[in-house]
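*Asks:* Add chain Z to chain U, keeping to what the hints say.
There are 2 protein chains.
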Amino acid sequence: MSIDMLIDKIIEKNNPSVIGLDPRIEYVPAFIKTACYEQYGKNLTGVAQAILTFNKKLIDELCDIIPAVKPQSAYYEMYGIEGIKVFHETINYAKKKGLYVIADVKRNDIGSTAEAYSSAYLGNTKIDNELNVNTFNSDSITVNPYLGTDGVKPFINDCNQYNKSIFVLVKTSNPSSGEIQDLMVENKTIYQKVAELVKQWGRTSIGQKGYSNIGAVVGATYPDQAVKLRKTMPNTYFLVPGYGAQGGTANDVASCFNNDGLGAIINSSRGIICAYINKRYPEKEFAHAAREAAIQMKNDILDSLK
Amino acid sequence: MSIDMLIDKIIEKNNPSVIGLDPRIEYVPAFIKTACYEQYGKNLTGVAQAILTFNKKLIDELCDIIPAVKPQSAYYEMYGIEGIKVFHETINYAKKKGLYVIADVKRNDIGSTAEAYSSAYLGNTKIDNELNVNTFNSDSITVNPYLGTDGVKPFINDCNQYNKSIFVLVKTSNPSSGEIQDLMVENKTIYQKVAELVKQWGRTSIGQKGYSNIGAVVGATYPDQAVKLRKTMPNTYFLVPGYGAQGGTANDVASCFNNDGLGAIINSSRGIICAYINKRYPEKEFAHAAREAAIQMKNDILDSLK
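Chain order of the listed sequences is U and Z.
One point on numbering: in my numbering, the residue at position 257 of the first sequence is 330, and numbering is uninterrupted.
One point on numbering: in my numbering, the residue at position 305 of the second sequence is 378, and numbering is uninterrupted.
Wrong hints could be hidden among the right ones.
The list treats identical chains as interchangeable, and a pair is accepted whether it falls inside one copy or across any two copies.
[Claimed, not checked] Simulated crosslink set (BS3-like; lysine-lysine; CA at most 30 Å straight-line): (1) 130 <-> 82; (2) 170 <-> 158; (3) 130 <-> 199; (4) 158 <-> 261; (5) 371 <-> 129; (6) 357 <-> 199; (7) 301 <-> 158; (8) 272 <-> 86; (9) 357 <-> 168.
Note that these hints are calculated values from the structure, not bench results.
Model, not experiment: these values are computed from the prediction.
Just chain U, same shape as in the assembly (with noise of 0.2 Å):
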């Protein structure tokens, strides 16, 4: 589904955040896991559908007031073959209950090679030019910008071939994202010379809000960039990690917004997911906890516009 939808959904829920479904199996309550064990074995089968009834009820429980979900891809492949199947599982899911699914898969390869990593999370796979699959069919993902246009091209074409989103990698939330991105280029960052590609980028796909299908990852935890990063890009869509868990506060995040309360969406994972480990909920209160906590998230931001 395109930035429009996104927004669409966004606007609904008058929600601008995103739930990180990074489900460690540490994460996974007790007695779900004991139950699983039991059925399937203590080993990935058994881990993976531990992590699945998580998820599922994490997203029956907050597909309501929440617009979209992030599962992380690294969560899955940790747990093998089993585990992918799950972050396919729950990216159907998702979607079968209305929400806009962006998968963290931050993928980058030279032209033909993106081309395939397209073919599997946001386009579909041909088959000896007859059969075409569907095979993760997410909303949109992550993607890597460091070899340049013709390795992002084909993630641009499927977005406009199949009505998607990408978020491209500007200015990452981690604390050694300045060894590279803030290296300077005559007066710019190497994260603004990475701004001005993805505005390019998106230049011809701009939607019925005034945003483009190419969005763009901007750490919360670098405010004072994100000011700049706004100004470059005003018709770029903000992924914005690093909220909650990471360090970012809702004033943090609130310079990534427009003056239409429109232009980011804020993610928070460890935050959402574990609200009842933070807070000492029991654990069978897992997901009325985690919609505390994303009830509480949303208002924080919300607040931080006003």
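*Replies:* Chain Z alone, transformed into the frame defined by chain U:
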């Protein structure tokens, strides 16, 4: 396995090349496809089985003359879960045949997530701090450096702990790699800055042959840049894509080697696995054609080093 083990295999076979297993279904001979579609259906399972058959025959035919294979994850992910199963089976099969396996995944993320990726491909996955499960368990992977040290550190830690290696993207082989990688910071390009980081990341893991477990990806299509990079990173092994189908020649890659005749491993994918198509062999002879092309490539590279 550490970089020393890769070097041992290169010396043993007298062959500094790696074959890229990038098997789009279009590359698989019709007789294999027909048999697999009959048995499993013309669907992703049939496709995946055809690719597995293709890969195994190629590995059988090549394993006594090549040191390593490099399966490219994208070409398996595009065929969904069934494709990724074959990616895993290909890694296992190649290792069983004594080959060093570089999983070309170009993963990258913030520290906690990079840890999860590293568990998936280099280390192992803990289940509730009790069980350790090997998931994809390759010998080496490719890593994108855009996030800086804390996004690469988890991979480095697992290289040290599990005797593995990584190859970090420095200067990629694609036409637009210069858009970001060639930008000038003071008197240095971004790829030189990344090269300095790679050198620093590898400093503590230099093995018996004088090379670090932290390698670099340097494209065969940019020979002048390779000359400079070889000087900047004398103890870094280069994984060199871009030979053959992408236009790099044996003379182009010669500058990636050190005077010891080591320091680089040259990749060819389509040039080898599609040799039967390019050279109009009967399709039943696809593996034989690949073997001939691999021998020619080896001789071509060794001649250029004389």
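*Asks:* Checking against the hints above, which ones are violated?
*Replies:* 4 and 7
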